[in-house]
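**Student:** So you can see what is in the structure, the chains are spelled out below.
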Amino acid sequence: MALPDAASMMLAAAVGLVVIGFAGLMMSRHLYRLLLSLVIAEAGANLLLVMAGYRADAIAPIFTADASMPIGMVDPIPQAMVLTAIVIGVGVQALALAMIIRIRNHYGTLDMMELKARMQDEFAQLGQSATLPSKQEQTDAQ
Amino acid sequence: MLQFFPLLFSAGLLFLLTIVTGLLPFAQAPMLAGQGVLYDGIASTGAANLVTAVVLGYRGIDTLMELTILFAAAAAGSLAFSRVRRSAGLIAEPPYILDKAIGFLLPLLLVTGFYVILHGHLTPGGGFQGGVLLASAIFLPVLSRSSAQLNHEVISLIEGLAGVTFIVIGLLALYQQGAFLQPLFDHGVFGSLLSAGSLPVLYLAVGLKVGAELAGLLSTLAAEGGEDGTA
Amino acid sequence: MLNDQVVVLIAVPLLLAFFLPVMARRCKLTNVIAPAVLIAMIAVAVSFLFAFEKPFIVELGGFAAPLGIIFYIDQLSLWMLLLIPVMTLLLWPWQSLYQGSDRGRELALYMIMVAACSGLAMSGDLFNLYVFYELLAVASFGLVISSDKGMAYLAGYRYLLISAMGSVMALLGIAIIYFLTGTLTLAHLASLPDQLSNPPAAMAFVLILLGFGVKAEMFPVNAWVPEVYQATKTRVAALLAGLVSKLAVIIILKVVTLVMPAAQMYSLLLMLGLAGLIIGELSALRANTLIQTLSWSSIGQLGLVFIAFSVDSQVGLMAGIALMLHHLLVKPALFLIVENWSGSISGLTGFAKKSPLASILFVLFALSLLGVPPFPGFWAKYLLLNGLLEADGGLYQFAVFAVLAMTVVEAIYLFRIITTLYDMDAAVSKPVVATAWTNRLSILILATGLLAAVWQISPLADALAGVAAQMQDTSAIIQLVAGKQGALQ
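Residue numbers (my numbering), protein chains in the order written: chain A, 1 to 142; chain B, 1001 to 1231; chain C, 2001 to 2489.
Okay, chain A solo, but in the shape it has when bound (with noise of 0.2 Å):
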């Protein structure tokens, strides 16, 4: 059997990234590794998007003293999208982490089975509460 080009094992390689990233997401219990999981499926969503510019035996988009037609070479935009796409997802992904980071200062866990559980029951709780807020949570909410 043939192989199949490198081209068509990139769209291969994007469908597989994301279809790890989206299992991870559904099947992990450990904070940073959902984080992860999303990280492994943005990168296969960029590299799909990248290579919808793609043309068979067309140059880089840039200008050089060689390359000075336009015809042949690859569509610009959505490089620029990816660009924009791989920032967006880094800042993100830092967010996320700040707050994995608050999270576990707070509950002294990572098992999001069990934040979820410890997370219902403080719902549960401020829905028999019959004291007030206290003055700092009333300012607090404002």
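What the hints contain is simulated information worked out from the structure, not anything from laboratory work. Please note that a few of the clues may not be correct.
[Claimed, not checked] With a Cα cut of at most 20 Å, we get these calculated DMTMM-like pairs of lysine to aspartate or glutamate: (1) C:2149 x A:111; (2) C:2149 x A:114; (3) C:2353 x C:2462; (4) C:2054 x C:2425; (5) C:2028 x B:1153.
Start from chain A and add chains B and C according to the hints.
**Tutor:** Quick look at chains B and C alone, frame taken from chain A:
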């Protein structure tokens, strides 16, 4: 062990995505918009790197929003740790090799970072890539020396000023030429460093902002401890 | 040109946001300057509302579509550009936990949210919508964690995961559409139906729907809603439920009407809307606290909005926009009223004795939410039922029954709350906390708005019909953009 329904869902997703990407016209990009950029890019912006022409020219507002996303993430990250007392410094005793290696790498990183930023309109690279290099240059001393602390005030100042510069150039274009973020200034000699009008200036602002922001964010995340005194 | 200056509604809040952390450290004016900028934005939005009747286009950077990004601004966009700073000002955090440059960062996040919402209202380019949506997402994460409670971080993290998963899906959808067409301008995509009527395009549309549906509290990606609304400050929940969700709905509306107005897509929208409506209202019935009730009710109301938009006619569009704007008015008011009414509902017996004004206002907004005449909520639901009855298809008939049934459910839990409040025999079990005057002012302004809508219902209906007609006229939109197109196709 591995749960059934997520696996089933993933298998289904794999199947669907494979079929869909198989049906896509791969390597025959329709290029309805891309063709126009290839033909018109130099005339409109004067940049040799057409990706930069798209990033800063045709889709300049996307870049501005991307910068703002980083800014918002860094701001929210700082906010998350503002009411927590944290200890300064990372390493009690800086390892000798780390210290010397960083001293060696630091100028190299700075030069490479600025090179990538300033040549963004001529070669692959640009503000974001160079900015990340700058961020690592700024942050590395924190890793090696426990006494080194980033001055967060200066970082906020650089962040703010660079962002403001970007928007001010855009507003200047609005009032001079009539469209927000329209490429300004003379296009200069094609292929030289001082070409492409306002694009290198914009990329410089982007690079400085990204560098300062990421370094500040890394430093905030890296600080030790955290006595959580909140509810 | 006057047109291009619309962009200042994005540029100026961002300019302020970049300055705020630095400024807040030294200058005492920061508490004043941000609301002042918002008031200025309101003035600018009002002037644009009167200046422009017909839709117009702004070419960013002077580049014509499809090479560059265009903003397509119609009547609905102009209304949203006015409502965004107004709602933000009404829900402004006058007091906060933070001082100094951290307070500046918190306010910067609000200004960034305003800029992102304004961009979403205006943008006419698919990837630009994605970028503004991400900006809104990051700003909202920051707002959620600004209440600095442990559960806020946890709920915020779960919200981040769902939102980022949605973003990956949306990006996949955008990639597929770009593979098929090579362009990103919505109006341009509307003129390419041939390239978009194949299975990959259908999958791309579903991915985009689910991706942008996270903020629009669409089923099945709305698991974050009850958690986040309970965990964070009530004011932030009000902003998310009232303002942010509407902008996400507008994106979905733009994509549905322009890119893929196919029958199957409308059916999908209908099914998702029905699921949201039924699950939301039934869960609200079982809710224990007021905030829980309002969160689930929010999901239910947005399900109604999707049901309305799934009817492919002018009446459907009118009903959807009416429901949307009505919810934008009523839900933040309800959140503000219940801000200090924490604890279980049964613990609120007899509250009406101690806070009569708040209780009356609660009744007012609840009646409008329910759809009691003569409130605007009634007219919105009436339009919806009209549209559903006119549409043919078994599912639409079922939707009529579902909407009516869920209205009954809503009535049950809302009246349960009201009777608890007005239970004159029981002793008031807990002392009442006084609300700040800023809260009261905001609630009163919103109440005035509601009553004004009751009084002016007829002109409002005409204006709505005009807005819906503009949105439906796809060929006019394509013409407008094609007329400004560059040297291409």
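**Student:** If a hint holds in the structure, say so; if it does not, say that too.
**Tutor:** Now for the hints, and whether the structure bears them out:
Distance hint between residue 2149 of chain C and residue 111 of chain A is fulfilled; the C-alpha atoms sit about 18 Å from each other, no more than 20 Å. Annotation: proposed proximity of residue 2149 of chain C to residue 114 of chain A holds, straight-line Cα distance about 18 Å (limit 20 Å). For a cut-off of 20 Å, the pair hint linking residue 2353 of chain C to residue 2462 of chain C is broken: about 41 Å separates their Cα positions. Note on residue 2054 of chain C and residue 2425 of chain C: the hinted pairing is violated, with a Cα-Cα distance of about 58 Å set against a maximum of 20 Å.
A hinted pair counts as satisfied when its Cα atoms are at most 20 Å apart, and residue 2028 of chain C with residue 1153 of chain B qualifies at roughly 17 Å.
In this structure, the earlier hints numbered 3 and 4 are contradicted, and the remaining ones agree with it.
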